[in-house]
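K.L.:
Residues per chain are reported as follows:
Number of protein chains: 2
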Amino acid sequence: MGSLHVEDLDNISKCTVENPLDPEEFRRQGHMMIDFLADYYRDIEKYPVRSQVEPGYLRKEIPDSAPYNPESIETILEDVHKQIIPGITHWQSPNYFAYFPSSGSVAGFLGEMLSTGFNVVGFNWMSSPAATELESIVMDWLGKMLKLPKSFLFSGNGGGVLQGTTCEAILCTLTAARDRMLNKIGRENICKLVVYGSDQTHCALQKAAQIAGIHPNNFRAVPTTKANDYGLSASALRSTILEDIEAGLVPLFLCATVGTTSSTAVDPIGPLCKVASDYSIWVHVDAAYAGSACICPEFRHFIDGVENADSFSLNAHKWFFTTLDCCCLWVKEPSALIKALSTNPEYLRNKATESHQVVDYKDWQIALSRRFRAMKLWLVLRSYGVANLRNFLRSHVKMAKNFEGFIALDKRFEIVVPRTFAMVCFRLLPPRSPLIIKTNGYQNGNGVYHKDESRANELNRRLLESINASGSAYMTHSMVGGVYMIRFAVGASLTEERHVILAWKVVQEHADAVLATF
Amino acid sequence: MGSLHVEDLDNISKCTVENPLDPEEFRRQGHMMIDFLADYYRDIEKYPVRSQVEPGYLRKEIPDSAPYNPESIETILEDVHKQIIPGITHWQSPNYFAYFPSSGSVAGFLGEMLSTGFNVVGFNWMSSPAATELESIVMDWLGKMLKLPKSFLFSGNGGGVLQGTTCEAILCTLTAARDRMLNKIGRENICKLVVYGSDQTHCALQKAAQIAGIHPNNFRAVPTTKANDYGLSASALRSTILEDIEAGLVPLFLCATVGTTSSTAVDPIGPLCKVASDYSIWVHVDAAYAGSACICPEFRHFIDGVENADSFSLNAHKWFFTTLDCCCLWVKEPSALIKALSTNPEYLRNKATESHQVVDYKDWQIALSRRFRAMKLWLVLRSYGVANLRNFLRSHVKMAKNFEGFIALDKRFEIVVPRTFAMVCFRLLPPRSPLIIKTNGYQNGNGVYHKDESRANELNRRLLESINASGSAYMTHSMVGGVYMIRFAVGASLTEERHVILAWKVVQEHADAVLATF
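Protein chains in written order, with this note's numbering: chain A, 1 to 518; chain B, 1 to 518.
For reference, chain A alone in the conformation it holds in the complex (with noise of 0.2 angstroms):
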């Protein structure tokens, strides 16, 4: 480990170095790491799934410049059990309930590595053809898994991309909805769009639409209720968008989802797609979790009415085992995507960009630069199969199902709003009073438990700072309607029914010891 300063003096090279992508070398050290990581999952339950380390923790134990000398992987090794994994919150933990999955999965764990080994940089077809005709290929077979209309896919006017994340695909589409709107009604109107959400849609949105200069008064959360399960109302909309016209301001997107992040609730795509198209509103369906469900038969109708919408997103990275980071968005009119996002420098010019027979991809997205990730999509799709992929997503349905009947035969508890994929959302009932615990104990009755909401919110956001602070299980929470309560999200690759089990009796405990203080 050296200073920064002694070496300045090196300004001619001293030693014949090793090359850096030796391919003997990479094969070696590929090994090492593989049994690393293979070990690292046979021995995951062993560690506290919500990392126990405080702020600031890891500057105690690293060195505050970067070392002279070449280390060998032994030793970083040891370090990452030493130094990092105390400080991982362990996302692929079949413990792991927290917001919501990271889904990993050998199969996309694979196509990361030919991703990465070859390192190829597909901002235009021309870069390396297989990274983007691949993606347009496996974006249509995804597609049809999912039965989107024929409008989202290559084989009809359509077609998909593979973004980072939702909040991409949203800037994206926000984008190329708002420049088709100015192009119309000119540039200067900018702070007369309005962009349309729930007060249960992602944060994505806002930030999408602050990045893209969005007028912060101009952002609707339009208010949701219990009595619609959190789902947008399409009345409502129409009224908000009625007041924004009346105001003089321009309608321009709406963002629906289906499965929010507090609640998996479902915003009604088909009525929403209505109200919007009675005002020119671009409709972008963000499935960021529950999209994958979908490829099931039974789950399919959530997304009944995608057909009159602009474009549709999910992420294969929550609940489709691609691993971080693969969100699939499908448009009907890539030119308004392209339109707004094309940039075309003489060095990147090329003969296949100029036949206009290929797909350039940087044009569907933020940056030049792309991955290869339809790699891990291709790989998952193909090592698993249709029925597989079905068969792993509905497992963890009926886990979610099972823990939820766990916790309707335990009058302490409720479930705050319906489970409709593989979360469920639940509360512990304060006792009505302090007296009442210390002489009867706990009763299952109704009468004992109520909805004091102000204690209640309490009372489990202790319960579920106990839980997690054990280790044992991690979970995290949401607030709809004033209601805190506590996700329960099933989805880690490596969950089995004894995990569900286990950690319902974790919850039980840690709601038996919190009640005896509250």
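Rather than coming from a laboratory, the hints here were simulated on the basis of the structure.
Fair warning: there could be bad hints in the mix.
The list treats identical chains as interchangeable, and a pair is accepted whether it falls inside one copy or across any two copies.
What the hints assert, rightly or not - Calculated pairs, DMTMM-like style, for lysine to aspartate or glutamate (alpha carbon to alpha carbon, straight line, at most 25 angstroms):
1) K339 / E354
2) K147 / E61
3) K398 / D22
4) K46 / E414
5) K46 / E496
6) K144 / E61
7) K147 / E465
8) K144 / D79
9) K226 / E243
10) K226 / D512
11) K274 / D64
12) K401 / D22
13) K401 / E74
14) K46 / D64
15) K274 / E24
16) K46 / E24
17) K274 / E61
We have chain A; now place chain B onto it with these hints.
P.N.:
Chain B alone, transformed into the frame defined by chain A:
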């Protein structure tokens, strides 16, 4: 390979499926893939560098829907060989000299494996503390290696973040600059904001301006000249700014480049920052390619003056061995980024964030989700150490210098712009007239080869296509000052001296052939 119709009946799962992340299956297939890739690197020279396929080749070889049943990894790898590799342009080939390098290495690959293996979604500190903390630490490490002023480091009051690409880095900083300005002058003035670059600035700036809602008329590509080696002149910038102010517009953002894509020109950072500061313009320094070289003391002067810029970025995936994607961005005022890019939904609330003791990188970038990219940068820095990293870069520069030397010895060619880093811009000069060629053949005197620009451009277009079609080496072109030139960028990790010598022979042979029919 099934169709998508029959199996719609199968909405009850029929078979118990294997776990998609089974550790021993991971181990088995992982080792297989390491050997596949090690063999690929060993044999890479047998493939044509630029893919030779025609548009649409892959649709002919691949079924038009996803398989219903799983396929084995052995079958898939066979198809990678037969169907994918022919469509790959081999960016990792030692005979690859196109665009800029996409710099792979064993350490970068291993870092990517760890990142993909842990598969954490590091949107905030809480979601995986190690991901955030390691990123802050390695960004300080690399910042120190570059001798960036302390104001760009976390150990000062600034900080670094890993973005995917320079396009994202520019969009984020531009958005931050935009909102800082609009908060002063009012949102309704967005159409008055002006963005500056030169006619050599990467198209990332134009794209970022488009996305951020800058009026298309307010994008300035200030012309450069051969006299300034295609660097942006401070006085030209000032005149352009003054004209804009005169017209009632508001100067906002300057992107200065260290190592332009066309010719690795260097904009004079110091003088440009001085002009910019007179008008409170945010200066971003885009050192995507050449920034890496600045870890060598003999190259550091190219970023002198950076202390007066607002933000600085380089692509570690270009010439710093991390594999795609890894753009390092440092900013002096992280709060400007955070104000423009933050959102704080309930489902992400946590104690660490509320303690204000931690960095939440989601507020430093476009997307919410983010991969653990710091891992690969950490592995590269430790596996090679500062000493070897400098040596790698110097060896590329030396090879480019040798290539330049070969050109100087063959009077049929000329160097179009002076070489600064590891890229040589050259062209073949056309013979004076067909008659002279036919009767006298080629002569090496300057009298015979002259600069008829349009003929020269056509000649070099043919030469480049001839070289690339051969598959022996791959180079790309650019155009500066009306001159079409061939870019020879050394930097693929496998390239050795002998490949550069071979490439020069290839250039000479194809020049012979092309001149013979010109």
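K.L.:
All hints are to be evaluated individually against the structure, with a verdict given for each.
P.N.:
Quick rundown of the hints versus the structure:
no.: 1; hint: K339 / E354; in the structure: within (16 angstroms within a copy, 42 angstroms between copies)
no.: 2; hint: K147 / E61; in the structure: between (52 angstroms within a copy, 23 angstroms between copies)
no.: 3; hint: K398 / D22; in the structure: between (47 angstroms within a copy, 20 angstroms between copies)
no.: 4; hint: K46 / E414; in the structure: neither (31 angstroms within a copy, 65 angstroms between copies)
no.: 5; hint: K46 / E496; in the structure: within (16 angstroms within a copy, 46 angstroms between copies)
no.: 6; hint: K144 / E61; in the structure: between (50 angstroms within a copy, 18 angstroms between copies)
no.: 7; hint: K147 / E465; in the structure: neither (42 angstroms within a copy, 43 angstroms between copies)
no.: 8; hint: K144 / D79; in the structure: between (46 angstroms within a copy, 22 angstroms between copies)
no.: 9; hint: K226 / E243; in the structure: within (24 angstroms within a copy, 57 angstroms between copies)
no.: 10; hint: K226 / D512; in the structure: neither (29 angstroms within a copy, 78 angstroms between copies)
no.: 11; hint: K274 / D64; in the structure: neither (58 angstroms within a copy, 32 angstroms between copies)
no.: 12; hint: K401 / D22; in the structure: between (51 angstroms within a copy, 24 angstroms between copies)
no.: 13; hint: K401 / E74; in the structure: neither (44 angstroms within a copy, 36 angstroms between copies)
no.: 14; hint: K46 / D64; in the structure: neither (30 angstroms within a copy, 44 angstroms between copies)
no.: 15; hint: K274 / E24; in the structure: neither (60 angstroms within a copy, 51 angstroms between copies)
no.: 16; hint: K46 / E24; in the structure: between (34 angstroms within a copy, 17 angstroms between copies)
no.: 17; hint: K274 / E61; in the structure: neither (58 angstroms within a copy, 40 angstroms between copies)
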